[in-house]
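Construct the complete structure from the given sequences, taking the supplied hints into account.
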Amino acid sequence: MLPQVTRTYKNHHLDSSRWDLYRPRSNDVIIATAYKSGTTWTQNIFYELLYGDETQKPSPDSVNVWPDADFRGLKRDALKTWLDGFEAQRYIKSHIPLDGLPYYEQVKYVIVCRDPRDVFMSLFNHVSRYTPEFYQMLNDPARLVGQPMPKISSNPREVWRQWISKGWFDWETEGYPMWSNMHHTQTFWNFKHLPNFLFLHYNDMLSDLSGAVAKLAAFSGIEVDRQKIARVVEATTFEKVKQKALALKNDRMASTFEGGQAQFIFKGTNGRWKDIFTDQDLDLYEAAKQRVLSEDCARWLEQGGVAA
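Residue numbers for the sequence shown follow numbering that gives the first Met the number 0, beginning at 0 and rising by one.
Hints are computed from structural coordinates only; laboratory data are not their basis. It is possible that part of the hints are untrue.
Pairs of lysine-lysine, DSBU-like flavour, derived with a Cα cap of 35 Å [what the hints assert, rightly or not]:
1) K56 with K239
2) K9 with K273
3) K92 with K214
Quick caveat, the model's predicted, so the values are computed rather than measured.
And the structure:
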């Protein structure tokens, strides 16, 4: 049995129905990540694989798109125009779980994941710095479906207790006030046997970036040699990705985050939760694992390739 769309994800950030505008191509790659798990990093790798050797490189924003993002200002007509009109190989971002994302056998899906505790720390840094202007845009009644996104507490443990034990959608039990993280991974993991699925773990990208680049290239049908892999690795270390982001003048990021672009790509490190969470906080995590994840999926999320 192949994956089927059984849910519609619409809230302050998402609108999965925008994928109705998508028409698959045989060389498409969908970067199907849970949030704060290495999405921008993976996008940078694809950008360097496809455009890094060009003398006149295109703007990164011009060669990829995020259809789920109803809040970004890209109207449906403009989204359709980009999807239909973009002639080169497409790599397309999505944060939609597989029960809401269309599946096509001819399309490649790259699923990048991370330990949920590390995801939370990155998400807290991200969302806790949303500006009043951005909250106003997210919760604009003219576009909002469902409840407005609440302003989160400045106390990470308080936010954690909701995030790990409450869902935004009725079928979720974690992820509030965004959407699911564990459920997202499990929906893909249930079909990990499919030949057009590639799972990458954030830890493995940190420890062996050249191996990750080679896997992504081979999986996506992009020709590389050792020299090109080395060049892409050099251009896409975490520090290089952050440096490039900081060098860009991005008015959208300035209006989204207190502190601007520097807060979008922050530290990229793991284990910061160890200095914050109590035993009671971690008990909530263990309970969520039991509710949402299969044993092998939970083990892989915590350990990466070692568990796989």
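For each hint, the structure was consulted:
Straight-line distance between C-alpha atoms of K56 and K239 comes to about 17 Å, which keeps the hinted pair within the 35 Å bound. Proposed proximity of K9 and K273 is supported: the alpha carbons are some 33 Å apart, at most 35 Å. With a C-alpha separation of about 18 Å, the suggested pair K92 and K214 falls inside the 35 Å cut-off, and the hint holds.
Every hint, counting from the list given before, is met by this structure.
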